[in-house]
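Chains B and L are the protein sequences, given in the same order. The opening position of the first sequence corresponds to residue 35 in the working numbering, with each subsequent residue numbered one higher. The opening position of the second sequence corresponds to residue 4 in the working numbering, with each subsequent residue numbered one higher.
These are computed hints drawn from the structure, not numbers from a lab. For clarity, every value in this text was computed on a predicted model and none was experimentally measured. Here a beta-carbon is modelled for each residue, glycine too, at the ideal position from N, C-alpha and C. Heads up, some of the hints might be wrong.
Unchecked claim - Here are the simulated DSBU-like pairs of lysine-lysine, each with C-alpha atoms no more than 35 Å apart in a straight line: (1) L:K138 with B:K215; (2) B:K187 with L:K72; (3) L:K172 with B:K47; (4) B:K215 with L:K172; (5) B:K264 with L:K133.
To be verified - Some, not all, of what chain L presents toward chain B, calculated at C-beta under 7 Å: (6) Y83; (7) G104; (8) N107; (9) L110.
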Amino acid sequence: MSSIEDRLHELNKLQNEQQRSRRMNDLHPLGKLFFSVFYIVCVMSLNKYDLTGVIYMAVYPAAGFVLGELSFRTGVYRMRLILPLVVFVGIFNPFFDRTPAMQIGSFIVTGGMISMVTLMLKGFYAVLSSYILIATTSIEEICYALRLLHVPKILVMVVLLIYRYFGVMAQEADRITTAYKLRAPSQKGIRYNAWGTLVGGWLLRSMDRAGAVYESMLLRGFRGEYYYPKRKLTAADVLWPLGWTLIIGALTIWRSWRG
Amino acid sequence: MLKIEHLHFAYEKGEEVLSDICLLAQAGESIGVIGANGIGKSTLMKLMVGLYTDYEGVLEVAHHAVTTKNLDHIREHVGYVFQDSDSQLFLSTVEEDVAFGPRNYRLPEDEVERRVTEALQKVHGEHLRKKHTYKLSGGEKKLAAIATILAMEPDIIIMDEPSLALDPKNRRNLIHILNEIDSLKIVTSHDLDFIMDTCERTVLLYEGKIIADGPTEEILKNGKLLDECGLELPLRLQ
Numbered sequence: 035m036s037s038i039e040d041r042l043h044e045l046n047k048l049q050n051e052q053q054r055s056r057r058m059n060d061l062h063p064l065g066k067l068f069f070s071v072f073y074i075v076c077v078m079s080l081n082k083y084d085l086t087g088v089i090y091m092a093v094y095p096a097a098g099f100v101l102g103e104l105s106f107r108t109g110v111y112r113m114r115l116i117l118p119l120v121v122f123v124g125i126f127n128p129f130f131d132r133t134p135a136m137q138i139g140s141f142i143v144t145g146g147m148i149s150m151v152t153l154m155l156k157g158f159y160a161v162l163s164s165y166i167l168i169a170t171t172s173i174e175e176i177c178y179a180l181r182l183l184h185v186p187k188i189l190v191m192v193v194l195l196i197y198r199y200f201g202v203m204a205q206e207a208d209r210i211t212t213a214y215k216l217r218a219p220s221q222k223g224i225r226y227n228a229w230g231t232l233v234g235g236w237l238l239r240s241m242d243r244a245g246a247v248y249e250s251m252l253l254r255g256f257r258g259e260y261y262y263p264k265r266k267l268t269a270a271d272v273l274w275p276l277g278w279t280l281i282i283g284a285l286t287i288w289r290s291w292r293g
Numbered sequence: 004m005l006k007i008e009h010l011h012f013a014y015e016k017g018e019e020v021l022s023d024i025c026l027l028a029q030a031g032e033s034i035g036v037i038g039a040n041g042i043g044k045s046t047l048m049k050l051m052v053g054l055y056t057d058y059e060g061v062l063e064v065a066h067h068a069v070t071t072k073n074l075d076h077i078r079e080h081v082g083y084v085f086q087d088s089d090s091q092l093f094l095s096t097v098e099e100d101v102a103f104g105p106r107n108y109r110l111p112e113d114e115v116e117r118r119v120t121e122a123l124q125k126v127h128g129e130h131l132r133k134k135h136t137y138k139l140s141g142g143e144k145k146l147a148a149i150a151t152i153l154a155m156e157p158d159i160i161i162m163d164e165p166s167l168a169l170d171p172k173n174r175r176n177l178i179h180i181l182n183e184i185d186s187l188k189i190v191t192s193h194d195l196d197f198i199m200d201t202c203e204r205t206v207l208l209y210e211g212k213i214i215a216d217g218p219t220e221e222i223l224k225n226g227k228l229l230d231e232c233g234l235e236l237p238l239r240l241q
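Build out the structure end to end from the sequences listed, making use of the hints.
Here it is in structure tokens:
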């Protein structure tokens with residue numbers, strides 16, 4: 035399997051997960067979206083030296099993976115491209131902040147070391163909570179929730195179409211690279227002088243395909259807005275985000291109060 | 004139902020793709036549009052659904068002229084099945100995709116549900132309902148694409164090369180399904196045997212003009228005419 039095909043396959047598996055009939059998948063997307071944003075804001079607002087507070091915040095990703103019946107390993111694997119960037123954020127803190135914070139035996143732990151770990155964990159949790167959201171909610175549902183929050187329809191459509199066209203572009207890229215490789219079997223990768231033509235062709239073909247998809251949408255009455263069936267709220271739809279908002283909100287206030 | 008009189012169309016000024024096209028079609032008819040590659044079949048189909056509106060002449064669909072102003076009405080009455088089903092199916096599941104059209108017309112959810120169920124039943128594709136569109140085979144994609152159009156309950160269904168890349172079993176299934184649909188059907192295809200099986204009337208295009216319009220058997224048995232227009236007799240008649 036080519037690497038592009040591999041990525042497409044991964045995207046398809048993620049879509050499979052979104053469509054599963056599990057309790058967390060069936061929850062109203064508005065509650066899940068609201069709480070995910072709330073959680074990220076709370077985690078980010080914790081003091082950079084409050085390592086204990088940040089560790090407490092692991093309660094949501096841990097519960098989310100268990101209750102959402104998601105594989106932690108797969109989640110981390112799928113987020114592998116973002117995680118290094120997130121981890122990189124606080125990497126220089128130990129060099130800039132050398133104030134001793136505590137001592138473990140003869141080893142002095144500096145404020146910079148603590149803030150580095152704290153920042154890394156904060157980023158890690160933000161990525162995990164986003165993953166919990168996207169692995170249990172389809173892009174259409176997320177867009178529906180965004181519309182309920184009165185996010186302008188043009189922005190929501192851009193999100194939806196980028197997601198759709200991403201697949202279209204990846205398929206075209208896969209076709210072009212496969213066709214190239216089949217006619218250059220002994221060659222490793224794609225020769226630099228072919229890149230211009232291939233990328234140009236890829237963009238033109240993707241635009242053609244995207245144009246056809248858009249025409250198909252227009253012909254079925256699309257007028258700039260994607261309509262999702264209205265969902266009735268169940269008790270679980272309210273209790274899930276409310277419960278978690280109270281837990282995480284209380285934790286944040288408590289940690290801020292302690293200073 | 005469909006009225007075309009002296010229709011002319013050009014992508015570039017002075018280079019006509021279609022010239023002096025005249026065609027009248029009534030409800031319930033089944034019309035095959037045939038012709039060699041690049042002759043303007045797909046262009047004619049796209050004109051009928053209002054994807055191009057800068058034509059000359061008369062083009063009326065469902066009693067409305069095809070103009071930018073009437074596009075909503077026209078698209079509510081005309082369904083277009085694309086040659087490439089991948090262009091037609093863009094949502095995650097077949098169910099969502101089939102419901103996309105009816106929802107755009109703000110139909111109540113129970114009506115959307117009824118239409119989705121009926122459309123899938125008509126193409127014998129109830130089992131596809133919850134399937135992901137990317138997981139479908141070529142034949143299943145074609146059925147799902149037709150269901151997306153049937154769910155809009157159009158008066159006219161236009162199909163661009165519906166039998167393309169289908170295996171014999173799926174092709175036979177498609178013929179059976181098309182023959183069960185009551186709407187006015189306009190089918191373009193190079194598969195003349197398929198046209199013989201699904202259309203009682205055939206329109207032959209050559210160099211952007213209608214060369215012949217009449218009963219399918221009569222036109223498709225005329226080897227000389229087909230040969231002049233760059234086509235060959237259907238396989239079963241060879």
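Hint check:
no. : hint               : verdict
1   : L:K138 with B:K215 : holds (25 Å)
2   : B:K187 with L:K72  : holds (23 Å)
3   : L:K172 with B:K47  : holds (30 Å)
4   : B:K215 with L:K172 : holds (33 Å)
5   : B:K264 with L:K133 : holds (19 Å)
6   : Y83                : holds (5 Å)
7   : G104               : holds (4 Å)
8   : N107               : holds (3 Å)
9   : L110               : violated (10 Å)
Against the hints set out earlier in the document, a violation occurs for number 9 only.
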